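Trainee: Going down the list, the sequences are from chains A and B.
Take the first sequence: its position 198, counted from the start at 1, is 201 in our numbering, and no numbers get skipped.
Take the second sequence: its position 45, counted from the start at 1, is 60 in our numbering, and no numbers get skipped.
Just so you know, these hints were derived from the structure itself, not from any lab.
Small disclaimer: the values here were computed from a predicted structure and weren't measured.
Virtual Cβ for every residue (Gly too), placed ideally from N, Cα, C.
Mixed in with the good hints, there may be bad ones.
Unchecked claim - If we take Cβ atoms under 8 Å as the criterion, some of the chain A residues that face chain B in the derived model are:
hint, residue
1, Leu29
2, Ala32
3, Gln35
4, Gln132
5, Met219
6, Lys260
Given next are the chains, with one letter for each unit.
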Amino acid sequence: MKILVTCKRVPNPEQKLKIGAGKIDLGGASWQINTFDEYAVETALRLTEKGKGGERSGEVVVVSIGPKDVTQQLRGVLAMGADRAILVGGDDGALDADAVARILQAVVAREKPDLVVLGKQTVDGDSNQVGQILAGLLGWPQATFLASIRLAADGKSATVTREVDAGVEEKRVRLPAVVTVDLRIIGKKAVRNEALAGADAEWDETQRYASLKGIMAAKKKEIKEVALADLGVAPSPSPLMKVVAYEAPPARKAGVKVASVEELAQKLHNEAKVI
Amino acid sequence: MGSVVVFCEAAENGIRAASLPALTAGARLAEQQKGSLIALVIGSGIGAAAQDAARYAPRVLAYDDPKLGSPAGAGAPMAETFAPVMADAVKRAGATALIGTATSSGKDILPRAAALLGAGMVSDIIAVTAANRFRRPAYAGNAIEEVEVSGPVIVASARQAEFPPAPPAASVGSVENVAVPALDALGAEVVALHATVSARPDLGEAKVVVSGGRGMKAGENFKILEQLTDLLGGALGASRAACDAGMVPNDLQVGQTGKVVAPQLYIAVAISGAIQHLAGMKGSKVIVAINKDPEAPIFQVADYGLVATWEVAIPALIAEVKKIKAAG
């Protein structure tokens with residue numbers, strides 16, 4: 004089982020966003036891997052494991068698009084346990100979802116994975132498009148916003164659950180396929196490869212963090228840097244969607260402190276009329 | 016000149032109420048483009064939905080085929096078959112735009128349709144500002160983007176809460192039953208649809224959300240928040256810190272890395288108010304913060320702040336709410 008996972012760097016969501024003159028100033032931002040992409044890495048790793056900390060079988064390849072600095076974040080992902088990484092050089096801030104998906108399509112053509120796992124969205128652009136566009140371009144089945152995934156023992160299909168408006172949908176897709184993961188995917192029993200792990204296998208309810216051993220091992224792992232031209236993708240795919248300006252949302256007014264629970268309840272009832 | 020195709024999701028007896036905001040967004044875009052509105056209804060046995068859609072748009076394209084239903088019988092839309100049908104409708108109508116509501120189906124299918132059309136897509140629009148310009152939130156609502164889409168076709172999803180439901184038009188439109196193109200599900204199938212049985216509303220749609228933070232100390236302490244939540248008919252949430260500490264499952268997480276909520280009433284209990292949490296809830300109409308630390312940043316966004324421990328405040332608040340309900 005070969006799994007391709009996408010990872011995008013995003014500005015740390017704990018930092019306050021600097022918006023001025025129609026632009027976002029990311030000059031002082033610290034960067035980290037998009038959280039949903041970390042969940043995607045965790046998902047891929049679990050799909051290659053016999054259980055928590057168990058023997059591994061299969062390969063997890065991570066791909067990112069961005070400047071050379073991203074190697075730093077990719078080292079972190081390799082330290083989690085991914086086997087190797089590909090960094091496609093490009094201006095991640097200027098690419099729209101369509102351009103990203105076309106680059107990934109070229110990477111898929113090269114790597115020929117059985118499964119592509121993405122986070123459902125990045126926490127900066129919030130577009131929630133790339134996985135679906137990639138599946139459309141490849142003509143592969145898709146399963147989005149996964150709460151769980153079970154790979155069949157024969158490695159030919161995956162059965163997933165996904166949260167939809169009406170409840171929980173159970174969908175089966177033939178491999179190769181594109182899947183995107185949501186919050187619940189890091190549940191203890193949310194991910195399992197039937198060829199490797201039994202029904203009782205469970206993991207910690209979190210994405211794993213790099214161990215010291217993992218960090219040492221990651222130093223020896225490959226991060227292959229490729230240019231768009233190497234992939235046969237036009238160097239600057241013209242964006243179909245571009246952001247022309249940013250502005251800050253209207254600020255909230257500071258409210259009042261209340262002295263007691265009784266006062267709070269009365270204000271909510273009589274003033275705000277919400278209870 | 017062109018026309019705007021609006022994907023109207025089919026329910027048993029009509030189109031889903033969730034699609035009415037997309038019809039409004041579509042009408043606004045059609046106005047900007049000086050074009051007309053076309054409703055698109057896809058599924059199996061969708062006659063009633065197509066008739067319903069004709070109340071809102073002068074022209075309805077209906078793609079009715081058993082293969083567009085699902086073995087589960089719920090008619091769950093699948094991206095593999097719905098996206099090509101959407102692309103077919105856009106081409107057939109010579110349309111310049113395709114819009115749907117950002118429901119779970121809209122989010123799943125519209126980007127795939129955009130890929131098939133070679134069109135640019137803009138997600139979660141909150142306003143139409145020109146024939147190819149839109150406003151949308153990014154960074155979990157910490158920034159509002161003005162975006163421009165180029166190319167002959169625009170695909171967009173509309174935020175449900177940001178556009179009012181479309182009113183019925185003065186006259187009823189015409190329904191065209193269109194021949195469904197050859198469909199290939201690509202080996203995908205919906206095996207089952209498990210309807211939500213929870214007595215609590217969904218976190219993303221609840222009118223009241225009560226969230227607990229790391230200050231709740233342990234998972235079992237969330238039980239008292241559940242009591243308050245149920246009393247208010249709301250949904251339970253949590254901060255990332257509480258989820259990371261293993262107190263509650265990750266899917267309760269409210270914040271930039273979790274769910275973005277905008278209820279009528281948000282009650283943050285023992286939550287300090289990290290930026291990434293604020294990003295997920297500051298669109299709420301009324302925010303209440305209960306925290307023992309008077310300096311907690313959550314108070315800066317709260318309409319009503321109470322400096323108190325949850326151990327004291329929550330049982331008292333439950334009692335007060337009961338009193339109000341009994342009196343009301």
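Trainee: Now look at each hint and say whether the structure bears it out.
Mentor: Status of each hint after checking the structure:
Because the smallest distance between the Cβ of Leu29 (chain A) and any Cβ of chain B comes to about 11 Å, over 8 Å, the interface hint for this residue is violated. At about 11 Å, the closest approach between the beta carbon of Ala32 (chain A) and any beta carbon in chain B exceeds 8 Å, and the interface hint on this residue is violated. The interface hint given for Gln35 (chain A) is broken, as the beta carbon of that residue sits about 10 Å from the closest beta carbon of chain B, more than 8 Å. With a least beta-carbon distance of about 4 Å to chain B, the hint placing Gln132 (chain A) at the interface is held under the 8 Å criterion.
Given hint, Met219 (chain A) at the interface with chain B, is violated; its Cβ is 25 Å from that chain's nearest Cβ, farther than 8 Å. Checking Lys260 (chain A) against chain B by beta carbon gives a least distance of about 5 Å; that is within 8 Å, so the hint holds.
Of the numbered hints listed earlier, those contradicted by the structure are 1, 2, 3 and 5.
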